[in-house]
Amino acid sequence: MFEWPLLSFVIWLPIVGGFMVLASGDKAADASRWTALGVSILTFLMSLPLWFAYDASTAEMQFVERVAWIPAFNIEYYLGVDGISMPLIILTTFITIFVIVAGWEVIQHKPSVYMASFLIMEGIMVGVFSALDAMLFYVFWEAMLIPMFLIIGIWGGPNRVYATIKFFLYTFFGSVFMLVALVYMFLQSGSFDILGFHTLKLGLTEQILIFLAFLLAFAVKVPMFPVHTWLPDAHVEAPTGGSVILAAIMLKIGGYGFLRFSLPITPDASAHLDWLIILLSLIAVVYIGFVALIQQDMKKLIAYSSIAHMGFVTLGFFIVFLIANNPDANGGAALGVQGGMVQMISHGFISAAMFLCVGVLYDRVHSREISAYGGVINTMPVFGAFMVFFAMANAGLPGTSGFVGEFMVILASFRADFWYALLAATTLIIGAAYTLWMVKRVVFGQVANDNVAALQDINNRELFILTSLALAVLILGLWPAPLVEVMDASVHNLLQHIAITKIP
Numbered sequence: 017m018f019e020w021p022l023l024s025f026v027i028w029l030p031i032v033g034g035f036m037v038l039a040s041g042d043k044a045a046d047a048s049r050w051t052a053l054g055v056s057i058l059t060f061l062m063s064l065p066l067w068f069a070y071d072a073s074t075a076e077m078q079f080v081e082r083v084a085w086i087p088a089f090n091i092e093y094y095l096g097v098d099g100i101s102m103p104l105i106i107l108t109t110f111i112t113i114f115v116i117v118a119g120w121e122v123i124q125h126k127p128s129v130y131m132a133s134f135l136i137m138e139g140i141m142v143g144v145f146s147a148l149d150a151m152l153f154y155v156f157w158e159a160m161l162i163p164m165f166l167i168i169g170i171w172g173g174p175n176r177v178y179a180t181i182k183f184f185l186y187t188f189f190g191s192v193f194m195l196v197a198l199v200y201m202f203l204q205s206g207s208f209d210i211l212g213f214h215t216l217k218l219g220l221t222e223q224i225l226i227f228l229a230f231l232l233a234f235a236v237k238v239p240m241f242p243v244h245t246w247l248p249d250a251h252v253e254a255p256t257g258g259s260v261i262l263a264a265i266m267l268k269i270g271g272y273g274f275l276r277f278s279l280p281i282t283p284d285a286s287a288h289l290d291w292l293i294i295l296l297s298l299i300a301v302v303y304i305g306f307v308a309l310i311q312q313d314m315k316k317l318i319a320y321s322s323i324a325h326m327g328f329v330t331l332g333f334f335i336v337f338l339i340a341n342n343p344d345a346n347g348g349a350a351l352g353v354q355g356g357m358v359q360m361i362s363h364g365f366i367s368a369a370m371f372l373c374v375g376v377l378y379d380r381v382h383s384r385e386i387s388a389y390g391g392v393i394n395t396m397p398v399f400g401a402f403m404v405f406f407a408m409a410n411a412g413l414p415g416t417s418g419f420v421g422e423f424m425v426i427l428a429s430f431r432a433d434f435w436y437a438l439l440a441a442t443t444l445i446i447g448a449a450y451t452l453w454m455v456k457r458v459v460f461g462q463v464a465n466d467n468v469a470a471l472q473d474i475n476n477r478e479l480f481i482l483t484s485l486a487l488a489v490l491i492l493g494l495w496p497a498p499l500v501e502v503m504d505a506s507v508h509n510l511l512q513h514i515a516i517t518k519i520p
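If you count the sequence shown from 1, you need to add 16 to reach this note's numbering.
To be clear, the hints were calculated from the coordinates, so they are not data collected in a lab. A couple of the hints might just be wrong.
What the hints assert, rightly or not - DEER-style ranges, computed between Cβ atoms: (1) Trp291 <-> Val32: 58 to 64 Å; (2) Gln124 <-> Trp67: 32 to 38 Å; (3) Val155 <-> Gly212: 14 to 20 Å; (4) Phe188 <-> Ser73: 38 to 44 Å; (5) Leu292 <-> Gln124: 45 to 51 Å; (6) Phe460 <-> Leu292: 40 to 46 Å; (7) Gln204 <-> Pro414: 43 to 49 Å; (8) Phe165 <-> Ala44: 22 to 28 Å; (9) Phe89 <-> Gln472: 57 to 63 Å; (10) Phe460 <-> Leu211: 49 to 55 Å; (11) Ser73 <-> His382: 49 to 55 Å.
All values reported here derive from a predicted model rather than from experimental measurement. C-beta: ideal position from N, C-alpha, C; glycine also.
Using the sequences and the hints given, assemble the complete structure.
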């Protein structure tokens with residue numbers, strides 16, 4: 017395979033590059049920008065062999081690196097990827113390029129710190145997806161808070177301090193319980209090896225307690241109802257790049273945690289408590305969709321939309337137990353997990369594009385209020401076309417990536433229970449309602465005011481960003497097979513594992 021440590025390069029290149037950008041300072045702002053862009057592109061190119069050299073026929077961890085780190089506690093620098101984590105790493109390195117480009121002209125205050133924060137964030141998030149040692153995972157997990165804290169706190173809106181502290185407290189609170197669970201399993205197994213945790217024999221009570229500890233950490237990160245309230249505040253106050261990374265990547269880390277920790281380590285507890293996750297997921301899909309419908313702030317509307325779409329992810333992951341217990345389901349459990357994974361990747365593209373569209377308007381008018389716009393298509397026809405396209409994808413239009421994941425999860429839900437599927441399918445109506453209602457008021461109609469009349473259409477930099485994301489949405493929407501195939505062996509391995517009871 018590879019003689020050199022590819023994963024370490026993809027993790028540490030942006031982190032080291034970020035500190036280099038930081039050291040260059042704001043006096044050389046242009047050099048900082050170009051260095052950040054160069055590092056982000058190089059990181060993406062270096063991550064591509066993870067896809068092209070990946071052997072999709074096996075569920076074994078690949079590109080493995082394993083070195084003793086803290087031998088006294090059997091903690092290792094242990095990295096590897098499978099079909100579940102690898103696509104999320106590619107998504108991370110892909111989206112970071114557009115975050116750097118999007119802040120090119122907009123960020124004039126401390127641009128080197130801004131660019132460095134996102135590069136360091138990129139490396140840390142890749143570390144989360146590739147860590148196979150639980151303590152290494154936890155270090156990366158907690159380290160994510162620092163650059164995002166700075167991004168919102170320095171370049172955020174007028175209420176950024178409130179939003180930053182709320183974001184920090186929510187995520188840190190959940191992480192403490194996860195740490196307790198990890199330490200307990202270390203005491204049981206003598207190691208922090210995550211794959212070793214998968215084979216650990218635990219009683220049902222132990223599993224339930226560990227499952228709940230993980231749930232607190234991952235539910236906040238997703239975020240699931242009712243611990244979702246930090247997200248709209250964080251999105252509204254964050255700069256455009258912060259919102260993009262938050263929605264496109266950070267929320268996915270919660271979903272990834274369920275697949276890497278909750279399901280394989282505590283399968284019996286997951287089966288016992290699947291009703292709770294399914295209930296919370298359906299509330300997110302339906303109730304949060306209606307909450308999005310009444311928003312007057314475009315960023316808040318898209319933030320609530322993200323919560324509803326991530327509800328599909330957790331529904332797909334936990335519906336598998338109902339499918340397994342339904343004799344008439346005729347299989348299909350893999351469809352739910354694969355649908356959730358496709359939804360995560362798709363949402364990464366679409367949410368990034370939606371927040372970047374809002375950023376384009378905000379940079380010109382300095383308002384996110386829907387009422388401040390109207391008739392944008394008249395003065396920004398190219399931008400209007402992109403915004404309508406991404407809005408359609410957000411609503412689940414067939415032919416776009418937004419449709420594929422939702423359709424797979426709804427289909428899996430039908431195999432489990434008709435009523436669950438019916439409730440899940442309502443998002444296609446509610447999602448279309450709040451997304452198209454926003455587009456109607458912002459994009460279409462007569463020019464609403466002098467600010468809209470003075471708008472200039474997108475420049476080449478913005479055109480590059482939106483075109484790239486539109487192509488990603490179309491390719492995944494029309495040809496999802498490569499993504500499904502690359503995760504197939506890992507998903508089936510996970511399902512086989514959780515079907516085996518672990519209660520001693």
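Worksheet item: Lying within 49 to 55 Å: is that true of the beta-carbon distance Ser73 to His382?
Response: holds, 53 Å
Worksheet item: Does the Cβ-Cβ separation between Phe89 and Gln472 fall within 57 to 63 Å?
Response: Hint holds: Cβ distance 58 Å, inside 57 to 63 Å.
Discussion item. Tell me if the beta carbons of Phe460 and Leu292 are separated by a distance inside 40 to 46 Å.
Written reply: holds, 42 Å
Discussion item. Quick check: does the Cβ-Cβ distance between Phe460 and Leu211 fall within 49 to 55 Å?
Written reply: holds, 53 Å
Item to complete: Evaluate the given range 38 to 44 Å for the C-beta pair formed by Phe188 and Ser73.
Response: With a Cβ separation near 40 Å, Phe188 and Ser73 satisfy 38 to 44 Å, so the hint holds.
Worksheet entry | C-beta pair Gln204, Pro414: status relative to the range 43 to 49 Å that was hinted | Holds: the Cβ-Cβ distance is about 48 Å, inside 43 to 49 Å.
Worksheet item: Is the gap between the beta carbons of Gln124 and Trp67 within 32 to 38 Å?
Response: Distance hint for Gln124, Trp67 holds at roughly 36 Å.
Practice prompt. Given the hint of 14 to 20 Å, check if Val155 and Gly212 actually sit that far apart at their C-beta atoms.
Written response: Roughly 18 Å apart at Cβ, these two residues keep to the hinted range, so it holds.
Worksheet entry | Cβ separation of Trp291 and Val32, checked against the hinted range 58 to 64 Å | violated, 46 Å
Practice prompt. Could you see if the CB distance from Phe165 to Ala44 stays within 22 to 28 Å?
Written response: holds, 25 Å
Discussion item. Verify the CB-CB distance for Leu292 and Gln124 against the hinted window 45 to 51 Å.
Written reply: Holds, at about 47 Å.
Hint 1 alone, counting from the list given before, is not met by this structure.
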